[in-house]
Structure formats: structure tokens, C-alpha cells
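S.K.: Can you build the whole structure from these sequences, using the hints too?
Each chain is listed here by its residues.
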Amino acid sequence: MERTKTKRVGSEMEFAKIEKAGVLTTVQDLGRHSYQVFGVSACGGMDTLALRLANILVGNNEGDAVLEATIIGPHITFLREGVIAITGGSFSVYLNGKPVPMWKSLLVTEGDELTFDSCKYGCRAYIAFAGGIDVPMVMGSRSTFIRGNYGGFEGRALKKGDLIQIGHSRFDYRRVSGRKFKSGDVPDYKTARPVRIVLGPHNNKFTNEAIQTLVSNHYNVSNNSDRMGYRLEGKPLQHVNKADIISEFITPGVIQVPANGQPIVHMSDAGTSGGYTVVGVIISVDLPYMAQKKPGDQIEFEVIGVEEAQKLLSKQEQLLSELQLANLAMPSR
Amino acid sequence: MVTSMLRKSLSYIPMGEKTIIIKFEDILSPKVNKCVRSLSQIITERNIEGIERLIPAFNSLAVCYNPIIIKFNKLVEQLKELEDSINDERDIKGNKIFIPVVFGGDYGPDLEEVAERTNLSSRDVVGIIQSKPYLVYMVGFIAGFPYCGDLDERLILPRRSNPRIKIPKGSIAIANEQIGLYTISSPGGWHIVGWSPMETFNPHHEPPSIINAGDNVQLVQINSEEADSWNEQRQREWDLKWNSQR
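Chains as they are written, first to last, in our numbering: chain R, 1 to 333; chain U, 1001 to 1246.
Since the hints were made in silico from the structure, they are not lab data. A few of these clues could be false.
With a straight-line cut-off of 35 Å between C-alpha atoms, the simulated DSBU-like cross-links for lysine-lysine are [unchecked claim]: (1) 205/R - 1241/U; (2) 17/R - 1166/U; (3) 180/R - 205/R; (4) 1166/U - 205/R; (5) 1241/U - 242/R; (6) 205/R - 1080/U; (7) 205/R - 1074/U; (8) 294/R - 242/R; (9) 159/R - 1166/U; (10) 205/R - 17/R; (11) 1169/U - 17/R; (12) 1074/U - 315/R; (13) 1080/U - 1166/U; (14) 182/R - 1071/U; (15) 1031/U - 159/R; (16) 235/R - 1132/U; (17) 205/R - 1071/U; (18) 1031/U - 1074/U.
Footprint (simulated), chain U over chain R, 3 or more residues, beta carbon under 8 Å [unchecked claim]: (19) 84-94; (20) 311-324.
Note that the coordinates shown come from a computational prediction; the quantities given were computed from them, not determined experimentally. Every residue, glycine too, gets a C-beta built ideally from N, C-alpha and C.
M.R.: The structure is reproduced here in C-alpha cells:
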């Protein structure tokens, strides 16, 4: 995906103030995948689809930096006029106490207050600002990596009193205000469906029964789950021999199974190497759905072939480029 | 040329729909690792459209690609054509990097235990550790952790049964036949034998890491006074004396 590399011209502007940070609110873009060769975690938004769609709604490049909120959203005061959009799991969102829709760009003015209430399903919301959040690039990305204490807003989660600066928007933001997607283009996180995986690289190190077990049982997302990975609990998966391998590259979406047979799904903040057998990898188009799962939720898996996964990805990218075209059709400022 | 046995053992396995793992012989060996880097260089030179990046590991190479540009089968076909060019004799220049290390005490809290469990003196352990340079097989973990080897077999111990919650940045640690350097403070299960004041990873530098796969790392003992008073000036002097060819 194209990442915004260009530094925006003009001075940065303080656009919003964090009154309450919520459980875990961080600055994220599409991550620093090109630095994986240096052994650096990719990071970036967990639900990249919602992140990209939020950016498209406000006329940004789809990889611009946004806020990722988790389970309990932040309370934000706006310091000047601009356009925002909120996407992701189903949250109740209010502007000055009045309910406002997600998946629609909203004009806000100085003094407006954005608040969140309970999250009905899913667990992550994305708040995009026309112009994109302006924090320094670290290794090609504005994504926060809390474990490494770098990226995003001072390498940490946001807290009360933080001031969010944004860049200049590519377009007159008033023109994108009120934009929304057709309901069919909004991702469905609510309807339960299996998470599709491509088997391998080490599926042959599991018994045939283990693969059968994986696709015919529910797995629960344990409390021990975060941006680095989800530990799942369910019927254990048996290895033919042993669970350890000589360490290999791993990437978000990988399902590792250590000797206890309980799967671990690696997510955005995952390391770049792992020494346990990988039974399969969640396909890219289903990773956003996975990213909206929270502790206590259940997961079912379904195996598909790599060719089918590639077709599904092409289809999704086709749709996204069509949505992007609406931005390109706008006169730039 | 590469042995026919090695070539036979190459397999191309999908890791999801955007990565192919090229798996070499299932052993930990500098020769196999050299073949991995040789293939990485060959693929880079071939400039196949759709490949986004190559990530070498101990005995495998990850090929990350854009399936909208090139599909799995087509890419495997093209990659297979390059097998014959793999050459473990090929001159792949890695840097030799000298790292100052203070061993034992608070800097290496597991040194004594390592000595005890291997029936050696602490002094012998330190001597053995710095007796040779180590090949950087790969960098990984979460921020450029160099996995180096092979450690002298007298020092081989499994990982700690109880991993530490926080290992300080700069710690030098061993586990199994490997030795590594914690580039950022993080949890870890390796035995900490020493600490280096030299910064080898900085997310704000380009490139972020001065230690890369294929390099050789030589540890050099310094004392605690030197370590505690380490600063930019000392680092410059160190690099001038030891790392000037970099």
C-alpha cells in the first residue's frame, strides 16, 4: 500500500485536545513493513481496512496517520474547524452530546466535543482528521510502538492534555464533509463468520487430526491478547513431532502453535521472527475482522487456497481504489 | 557451486497470500545461512516485478510480494529458475563489528550461574565468549535483535525456565548455541552475561541498525569504569580504533 512519505508543507496546526484518553488510544498508520528486514515490528493499525476507509472519507491518502481507540474511546475537544470521520467496530459516538453516525465525515468547529459510549461489537475505532495527524516519521511510519517507546505521539499512548497536530488537507475539507459510503461498502463485523486461513508453512508438522480440530472447533480469545497478538484457548492441536523450529520470519496474521497446542495469532505489533510451528496464516482480507475481536469472543477457522486468498485481496483492492477515485475527482486546493 | 543435496532440499511454501518462505536444509549452519544470503542477493539482482522485500533468516528466506502484481504460482516458477545460481562460495561482504562489553556483576547477572552450570570459572566463560567472532545469522525479534552464533559448545544451555520481565537495553545474552544483544529493553529468557554501552540500534537513525544479517560480531571486554563513563567521544575513539573499516 502506498504510504505517505512526503512531509506536508506549511506549519502544523493544533487541531484537537485529548480530555480523556480512553483505554488505549494511539496514533497509527499502515506501519513500517519495509523495515521488517531490520528486524523491526511492522506496527500500524490493527484493522487496516477501517483505517484506510476513515482516511478516504476525509479526503486523505489512505495511509495517513489516524487515532486508533480501543474498547473505550477518547473524549476530544476540537480547537478549530475541520472534518473528521470515525470508522471501525460499532461504537456510540456523540458530538456535543448528540449521537452522530460512524462511517460518515463530519464537520466540527472550535469547541466541539467528541465523546464515545459503549462499544456494541468489535473493539477498535479509527478517528481520521482531514489533513492527517502530524507526528514525526520514525522508520518510514507514524505508527506508535509502545514496547519500543518510539513512533506516534512520543512513542506512547495518548493521555489527558495531549494536543493533536494535523497537516494541511489535500482538498478543501468542507467539500468532503457529509460524505459517506453505501451501506454495502461498510465492513460487516457483526455477522459471525469463519476467519479464513491459508495453511502453512508448517502444517505438515501437525497431525491430520490437528488440522481437522482447528477447522471444526471454536477458539476463545483469551484475556492475554493485545496489539502484539491474540492467545486463543480451545481444543489443543497436536504436533507430529515437536513444536519448535529454527526461527523464521513471521508477519501479522500468522497462527503459531507452541508445545501446549494453543494457537497464538500474531497481530500488528508482532515481532519479525518466531521459533514455533505456524499452522496457517489469516488471509489479508479477514485480518481486519480478526482485529475487531476482543477477549471473550469466539473464533472459527476455515481453510482456503492461496489462489483464492489472492483473488479476494484483488477484489477488495479494486473496491478501495474505486472509493479512492472519489477523492481524486475533487479539485485540490 | 552449491551441492545438489542442498538444492533438493529447497521448498517454496506460502505464508499467507503475500509471502513465500523458501526453506533450505533444516539445520543451523553458517554454510546454509550463506546460501540464504546468496539467494537473497540473486533475487535482488533479478529485480522481479511484484517482490516488495526479502528477509533472510537462519535457514530460510521470506519473499514478500504484491499478489495483485504477481500470483503465487508464477512467482514460484520464476524463483525456481534462480536455484542453480545459488553459490555458498560467493563473496558476500559482511562487516566485522567490534562491540565493547563489560561482563558479570550487575551488567551480566547470569554469568556466575552460567559458569556454575558449565563447570567453568567466570573468567573462562568470558574468555571463551570473546575467543572468536560470531556470524549474524539474522536480525529479528521486535527491534533489530542480532541472532549470532555459533557459541562454543561448552557454553550451551537451554533458555531460562523463567524468562525475565525486563532485560535492559544493551544486555549481551546467550541461549542454546546462540548469542545476542538486546537492542531495546524487553522481556526475555536468555542468560545475561554482560552489557554493552555501544548503541547498535536507534529507531531515529537511517538505517536503524548497524548490525545486519551476514555481519560478524566480535566482543571485546572493557571494565565497568569504561562502560559507565561511555559517551559519544569514547564511541568515536572506539570506532576509530576497531570499526574504522565500516
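S.K.: Determine for every hint whether it applies to the structure shown.
M.R.: Outcome of the hint check:
1. Of the supplied pair hints, the one linking residue 205/R and residue 1241/U is violated, its CA atoms being roughly 49 Å apart against a limit of 35 Å.
2. Between the alpha carbons of residue 17/R and residue 1166/U the distance comes to roughly 33 Å, so the proposed pair stays at or under 35 Å and holds.
3. Of the supplied pair hints, the one linking residue 180/R and residue 205/R is violated, its CA atoms being roughly 47 Å apart against a limit of 35 Å.
4. Restraint check for residue 1166/U and residue 205/R: the C-alpha separation of about 32 Å stays at or below 35 Å, so the hint holds.
5. Restraint check for residue 1241/U and residue 242/R: the C-alpha separation of about 46 Å exceeds 35 Å, so the hint is violated.
6. Annotation: proposed proximity of residue 205/R to residue 1080/U holds, straight-line Cα distance about 24 Å (limit 35 Å).
7. A hinted pair counts as satisfied when its Cα atoms are at most 35 Å apart, and residue 205/R with residue 1074/U qualifies at roughly 26 Å.
8. With a C-alpha separation of about 30 Å, the suggested pair residue 294/R and residue 242/R falls inside the 35 Å cut-off, and the hint holds.
9. Of the supplied pair hints, the one linking residue 159/R and residue 1166/U holds, its CA atoms being roughly 24 Å apart against a limit of 35 Å.
10. Under the criterion of a C-alpha separation no larger than 35 Å, the hint pairing residue 205/R with residue 17/R is inconsistent with the structure, at around 51 Å.
11. A distance of roughly 33 Å separates the Cα atoms of residue 1169/U and residue 17/R; the hinted pair therefore holds under the 35 Å criterion.
12. Straight-line distance between C-alpha atoms of residue 1074/U and residue 315/R comes to about 19 Å, which keeps the hinted pair within the 35 Å bound.
13. For the hint pairing residue 1080/U with residue 1166/U, the CA-to-CA distance comes to about 43 Å; that exceeds 35 Å, so the pair is violated.
14. This hinted pair checks out: residue 182/R and residue 1071/U have alpha carbons roughly 31 Å apart, not beyond 35 Å.
15. For the given pair, residue 1031/U sits about 50 Å from residue 159/R by alpha-carbon distance, which is inconsistent with the 35 Å threshold.
16. Between residue 235/R and residue 1132/U the alpha-carbon distance is near 47 Å, which puts this suggested pair outside the 35 Å criterion.
17. Only pairs whose Cα atoms come within 35 Å are accepted, and residue 205/R paired with residue 1071/U is accepted, the gap being roughly 26 Å.
18. Restraint check: the Cα-Cα separation between residue 1031/U and residue 1074/U comes to about 29 Å, which is no more than 35 Å; the hinted pair holds.
19. Residue count for the segment 84-94 of chain R with a Cβ under 8 Å from a Cβ of chain U: 0. That is fewer than the three needed, and the coverage hint is violated.
20. Given as covered by chain U, the segment 311-324 of chain R passes the check, having 3 residues with a CB less than 8 Å from a CB of that chain where 3 are the minimum.
Violation of the numbered hints given earlier is confined to hints 1, 3, 5, 10, 13, 15, 16, 19; the remaining hints are satisfied by the structure.
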